[in-house]
Amino acid sequence: MAKWFTKTHQWFDDGTKEVGITPYAAEQLGEISFVDVEGLDGAKLEQIKMDGDEPTSDPIDCTVESSKAVGDIYSPVSGSVTAINSDLMDEPEKINEDAFAAWLYKIDPSNWDTEKGNLLDEAAYKALIG
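Letter by letter, the sequence shown follows residues 0 to 129 in numbering that gives the first Met the number 0.
Don't read these hints as lab results, they were simulated from the structure. Each hint should be verified, as a subset may be incorrect.
Lysine to any residue pairs mimicking SDA-like chemistry, simulated, CA-CA at most 20 Å apart [what the hints assert, rightly or not]: (1) Lys48 with Asp107; (2) Lys43 with Glu17; (3) Lys48 with Ser85; (4) Lys105 with Leu127.
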């Protein structure tokens with residue numbers, strides 16, 4: 000099982016089906032002070048669409064805020080949300096502590112075999128962020 004990444008710094012674990020923001024994104028945002036994932040409960044999401052390095056899709060109904068910015072969140076894969084990590088609403092700092100453990104939601108991918116090709120593997124993502 001592996002983690003897959005978007006150019007907008009979200010990750011998807013193809014084993015656990017968890018989605019979150021990358022440690023790089025958490026570092027860029029600074030101290031995360033607010034997370035709201037309630038709008039995702041039971042949602043059907045579409046994979047992010049990109050034009051080069053720019054997203055052309057709308058962000059999903061999920062808020063991650065810090066003292067520096069409000070981060071737009073995009074879904075790495077299409078599918079139905081099966082769980083949300085509501086603990087993050089009480090403890091948003093968990094993302095800064097361990098972004099891979101502090102998943103935002105779990106998703107049942109609806110088109111994984113096709114969409115996997117639109118994501119970056121770990122080596123490609125590391126090259127992207129330098």
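### Query
Okay, which hints does this one fail, numbers in order?
3 and 4
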